[in-house]
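Put together the whole structure using the sequences plus the hints.
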Amino acid sequence: MWQSLPEFGTGVLYAILVTAAYTFAVALAAGRGQPRLLQSARYGAYATAGLTLFAVALLAYAFITHDFRIRYVSRYSDRSMPTSYLFTALWGGQDGSLLWWTFLLSGYTTACVTWLRGRYRHLQPYVIATLMAIFGFFAVLMLFAANPFEATVAGARPDGEGLNPLLQNYWMVIHPPSLYMGFVGCSVPFSFCVAALATGRLDNEWIVAVRKWMLFAFLFLSIGNALGMAWAYEELGWGGYWAWDPVENAACLPWFTAAAYVHSTMIQERRNMLKVWNVFLICLTFFLTIFGTFLTRAGLISSVHAFAQSDIGKYFVWAMAIIAATSLALIVWRLPLLRGKSEIEAVASREAMFVINNWALLGGMTFILVATLFPKLSELWGDKVTVGPPFFNRWMAPIGLIIFALMGLAPLFGWRKTSPEALKRAFIAPVSALVGMYVLQLVFGRSLGYPSFVERDTFYPGVIGVVLQKVGSALPGIVVAIAAFNVTVVVQEFARGIAARRRSAEKRNEEESVLVALARLLDKNRRRYGGYIVHLGICAMFIGFTGGAWGIDRETAMTPGQSYQLGRYQLTYEGSRMCPGNPRCSPAEQADLNKRMIFADLRLSLGGREVARLSPAKFIYHRQPESPTTEVAMLRGLRDDVYTVVGTVDPQSKRATFQFHLNALVSWIWIGVFILIGGASLSLWPEMSFRELGAWGYLRAGAGVATSVMLAVWLTASPTSAFAASSRPKLALAADTPREQPIGALGAIAAGLALGGVLSVSWRRRAR
Amino acid sequence: MKRPPPPLALVLSVATLAGAAATGAVVGVEIALLVVAGGAMLGAIALLWASVQSLTGESSITLEEALSLGAPSAEEEQKRAVLRALKDLEFERGVGKISEEDYAELSARYRADARRLILAVDEGHAKERAEVERQLAIRLQQADEEAKAREEEAKAKSEAPPSSPAASDPDAASDPDSAPDSDSAPAAKESA
Numbered sequence: 125m126w127q128s129l130p131e132f133g134t135g136v137l138y139a140i141l142v143t144a145a146y147t148f149a150v151a152l153a154a155g156r157g158q159p160r161l162l163q164s165a166r167y168g169a170y171a172t173a174g175l176t177l178f179a180v181a182l183l184a185y186a187f188i189t190h191d192f193r194i195r196y197v198s199r200y201s202d203r204s205m206p207t208s209y210l211f212t213a214l215w216g217g218q219d220g221s222l223l224w225w226t227f228l229l230s231g232y233t234t235a236c237v238t239w240l241r242g243r244y245r246h247l248q249p250y251v252i253a254t255l256m257a258i259f260g261f262f263a264v265l266m267l268f269a270a271n272p273f274e275a276t277v278a279g280a281r282p283d284g285e286g287l288n289p290l291l292q293n294y295w296m297v298i299h300p301p302s303l304y305m306g307f308v309g310c311s312v313p314f315s316f317c318v319a320a321l322a323t324g325r326l327d328n329e330w331i332v333a334v335r336k337w338m339l340f341a342f343l344f345l346s347i348g349n350a351l352g353m354a355w356a357y358e359e360l361g362w363g364g365y366w367a368w369d370p371v372e373n374a375a376c377l378p379w380f381t382a383a384a385y386v387h388s389t390m391i392q393e394r395r396n397m398l399k400v401w402n403v404f405l406i407c408l409t410f411f412l413t414i415f416g417t418f419l420t421r422a423g424l425i426s427s428v429h430a431f432a433q434s435d436i437g438k439y440f441v442w443a444m445a446i447i448a449a450t451s452l453a454l455i456v457w458r459l460p461l462l463r464g465k466s467e468i469e470a471v472a473s474r475e476a477m478f479v480i481n482n483w484a485l486l487g488g489m490t491f492i493l494v495a496t497l498f499p500k501l502s503e504l505w506g507d508k509v510t511v512g513p514p515f516f517n518r519w520m521a522p523i524g525l526i527i528f529a530l531m532g533l534a535p536l537f538g539w540r541k542t543s544p545e546a547l548k549r550a551f552i553a554p555v556s557a558l559v560g561m562y563v564l565q566l567v568f569g570r571s572l573g574y575p576s577f578v579e580r581d582t583f584y585p586g587v588i589g590v591v592l593q594k595v596g597s598a599l600p601g602i603v604v605a606i607a608a609f610n611v612t613v614v615v616q617e618f619a620r621g622i623a624a625r626r627r628s629a630e631k632r633n634e635e636e637s638v639l640v641a642l643a644r645l646l647d648k649n650r651r652r653y654g655g656y657i658v659h660l661g662i663c664a665m666f667i668g669f670t671g672g673a674w675g676i677d678r679e680t681a682m683t684p685g686q687s688y689q690l691g692r693y694q695l696t697y698e699g700s701r702m703c704p705g706n707p708r709c710s711p712a713e714q715a716d717l718n719k720r721m722i723f724a725d726l727r728l729s730l731g732g733r734e735v736a737r738l739s740p741a742k743f744i745y746h747r748q749p750e751s752p753t754t755e756v757a758m759l760r761g762l763r764d765d766v767y768t769v770v771g772t773v774d775p776q777s778k779r780a781t782f783q784f785h786l787n788a789l790v791s792w793i794w795i796g797v798f799i800l801i802g803g804a805s806l807s808l809w810p811e812m813s814f815r816e817l818g819a820w821g822y823l824r825a826g827a828g829v830a831t832s833v834m835l836a837v838w839l840t841a842s843p844t845s846a847f848a849a850s851s852r853p854k855l856a857l858a859a860d861t862p863r864e865q866p867i868g869a870l871g872a873i874a875a876g877l878a879l880g881g882v883l884s885v886s887w888r889r890r891a892r
Numbered sequence: 139m140k141r142p143p144p145p146l147a148l149v150l151s152v153a154t155l156a157g158a159a160a161t162g163a164v165v166g167v168e169i170a171l172l173v174v175a176g177g178a179m180l181g182a183i184a185l186l187w188a189s190v191q192s193l194t195g196e197s198s199i200t201l202e203e204a205l206s207l208g209a210p211s212a213e214e215e216q217k218r219a220v221l222r223a224l225k226d227l228e229f230e231r232g233v234g235k236i237s238e239e240d241y242a243e244l245s246a247r248y249r250a251d252a253r254r255l256i257l258a259v260d261e262g263h264a265k266e267r268a269e270v271e272r273q274l275a276i277r278l279q280q281a282d283e284e285a286k287a288r289e290e291e292a293k294a295k296s297e298a299p300p301s302s303p304a305a306s307d308p309d310a311a312s313d314p315d316s317a318p319d320s321d322s323a324p325a326a327k328e329s330a
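So the protein sequences, as listed, match chains A and B.
Each residue of the first sequence is one higher than the one before, counting from 125 in this note's numbering.
Each residue of the second sequence is one higher than the one before, counting from 139 in this note's numbering.
Worth flagging that the hints you see were computed from the coordinates, not collected in a lab.
One or more of the hints may lead you astray.
As the list claims (entries may be wrong) - Derived SDA-like pairs: lysine to any residue, alpha-carbon spacing no greater than 20 Å straight-line:
hint, chain 1, residue 1, chain 2, residue 2
1, A, Lys778, A, Pro704
2, B, Lys225, A, Arg650
3, A, Lys438, A, Ala449
4, B, Lys225, B, Tyr248
5, B, Lys225, A, Asp647
6, A, Lys648, B, Asp226
7, A, Lys648, B, Phe229
8, A, Lys548, B, Gly232
9, B, Lys225, A, Ser466
10, B, Lys225, A, Arg620
11, B, Lys217, A, Lys778
12, A, Lys631, B, Glu228
13, A, Lys631, B, Arg231
Just so you know, these numbers come straight off a predicted model, no measurement behind them.
Structure representation (structure tokens):
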């Protein structure tokens, strides 16, 4: 039967299904309390993960050897693609991305089952059973609807169709795996939740168990969404980073519920409240990850991101129905155990603030969900209603503002109740910052180019339209003021913590410097202060989002030698060139025979001094000449990005049409993401003291963090240098998008993974 | 209790990665991928075999599995939560987020809760503790009896006539198994 790779690969998928089903059954049987069965289930889970790795390695082998007998390989690769993009093609199409999803699930399963050794004996069988059920679903999906090993009907082709040029981008190498890491990561908390409901062990045990797993998933959901924004910003060439596309929306839905859970779980830990709410949030988050995948793949809603239409949707509908029915049934069954033993005692308490914050986050999620589905829903009762980006922008602005304000308010309150005196003390500095910043911006904002009010159009007739228009116009000033409030809250929290530590040291007749106190404060309260750092990152991101109000968008046509004033910058069009063939093309461009590249060279000056050369381009791939791609060229900066796009170039007169965007403060979004990663990493840091871990342990952990930070910095810096240079004039070409970068990225990720593996192994040895 | 699979898995993983890296550098990526695939397949087969062996009772359970049977009770979980809340309360008092009156009231409440839960946990463990104490008493008694028996045996040997063949045999005297172990009684007590 298995004389060829397509058949053998399909056989491995069957093996995954059978092993997952076997492990599921053994794990359920182990739920009765037999350690021998549990051990068997654990080995079964490892075996399922091993088989998945086997399948992925086989598919990767098929890509590298150009085995066009496999339909998926022939559709998403060709002989001219470099090795790095052949690996990217593993998740570039629907069938492969499902296998990739299963592969990531196998990674999580291995990590989770290893971590569970000797822990949570009663929950373990059901955690493994739930994970195996998810494995089973994806195996069925691949075998009966989207088999990545399916043979080409007409036999092997001489060459493949190649990967979509839009996906042959640096960010696409890392964006889907990151987002999938977030999506798939939600499977582990869901499995614990199901286990807790099944066993009735609904106190803090499972909440403590899933804390870091959920935070990890949340971190990767954030990174995945941010990388998606970076890809859209750099590759789609419309000047923005978030277009409220249905698939983008689907990706951010679980982020909202995960963020809500990260806060509400603290209430259950401290006050033994909100048990129903927490299990609901976990189940909803997992449901939304499946729903997001369904939206991307079922062809339900048209989107630039969506995969080709297929009959895969019905499988997802069944899966969602089973998840929803099982979760609801378990919650209803365990309702008597889930009822809280405490209640909120005062509105002026942290738990009350967290509850309001949860409702705001859930409200935002519900709004996006309904608005995303609205075009489809509207077809049910009449004409199709389109919901575009302006609608989302107008409505999400006030919702986002509420969430942003609550983020700053909650830390000012204590648990249970806060006295008026304490509140007064806590609010003085942040409110002063808020008022001060608002006044400053009102006075100096316009002259600096960041006015408080930016007049917006009325979107709707009537009162709602006027209110939204007024809020939208006042938004820049309000956001900046609230950001100042939030930053002051965080700084104040740090200052108060340091002061408390130093007072405490004084009482013991010890001296503690500010830096030592800060280090010890972070060490003893990683979760709390890591969370505050995440808040700082979100402040930076909100500032970046608000920058859109102060941006400039222009379209123009220019002939060589003409200049255009864009804000404080001057752009001079020097002429166009086609590569390969033109003597001004770089050696790399001359050697690229896969496409024709038409560049429009621009000189960018600031105050009469040349600061960069930008070369936006159109790429025409020989394999897909009907769909040329737009290659953006930009100069990034903390204050603004100069973003240039070329539309058309007349080959005779060299006259070109351009889109110029001056995107204010966009870089703060990416900076905010890195701060968020730093804060979340601090919260995730294992709670072991120096004495417990030893100097070598700390050194290893430090090396791990250093690798992560270097990877993050490298990821940020690479695309910038690829497109423009600000310090000295340099020919910055869109074609410079280096094909070697993904190899480096994969190498860096592999190095990080290897280091992580070594660290975890040595860590475990030490723990034993 | 033996623990065969983890070292095997580790050896296989390291061998696969090293083999893949070596072949990748020397031959090419495609062969490296085949090495990874081969390692994954071997690992999966070995793990499935181990799983079936555990299922059929042909292998013993690991020490961790046996120890993990003593999972914490609901009272223990609540106790941990209350102690954590108490720690938070101290922190919030330190940073001035709570008045002294509120602190006193909440602290008293948490401490009462913690006391109640600690008592409940102790009561919950009373049966196991009694069993452990009973086992300990038996072991100590056995150790005492064994020590006394050895002492009497040694005494009897020392009082025996010197013409005994065992005493004249240098091999027998130097045999650690046959020699009396004066530290055995305290060691037995310690281990108990």
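**Report entry** Hinted pair Lys648/A and Asp226/B, Cα distance within 20 Å
**Finding:** Roughly 11 Å between the alpha carbons, so the hint for Lys648/A and Asp226/B holds.
Report task. Sort out whether Asp647/A lies within 20 Å of Lys225/B, counting only the CA atoms. Result -> Holds. Lys225/B to Asp647/A sits at ~15 Å (cutoff 20 Å).
Query raised in the report: Regarding the pair Lys648/A and Phe229/B, is the alpha-carbon distance no greater than 20 Å?
Result: With a Cα-Cα distance of about 11 Å, the restraint between Lys648/A and Phe229/B holds, given a limit of 20 Å.
Report task. Please work out if Lys225/B and Arg650/A have their alpha carbons no farther apart than 20 Å. Result -> Status holds; Cα separation ~14 Å.
Query raised in the report: Hey, Lys225/B versus Tyr248/B, does the alpha-carbon distance stay inside 20 Å?
Result: Distance ~10 Å between Lys225/B and Tyr248/B Cα, so the pair holds.
Query - Restraint check for Lys225/B with Ser466/A, where alpha carbons must lie at most 20 Å apart - result: At roughly 19 Å apart (the allowed maximum being 20 Å), Ser466/A and Lys225/B satisfy the hint.
Query raised in the report: Is it true that the CA of Lys778/A sits at most 20 Å from the CA of Pro704/A?
Result: Holds, at roughly 17 Å.
Query - Straight-line alpha-carbon gap Lys225/B to Arg620/A, limit 20 Å - result: Distance of about 17 Å is within 20 Å: holds.
Query raised in the report: If you draw a straight line from the CA of Lys631/A to the CA of Arg231/B, is it 20 Å or shorter?
Result: 15 Å, holds
Query raised in the report: Is Lys438/A close enough to Ala449/A, meaning Cα to Cα at most 20 Å?
Result: 16 Å, holds
**Report entry** Pair hint outcome, Lys631/A versus Glu228/B [Cα-Cα no greater than 20 Å]
**Finding:** 15 Å, holds
Report task. Take a quick look at whether Lys548/A and Gly232/B sit within 20 Å of each other, Cα to Cα. Result -> Status holds; Cα separation ~17 Å.
The earlier numbered hint that this structure contradicts is number 11, and it is the only one.
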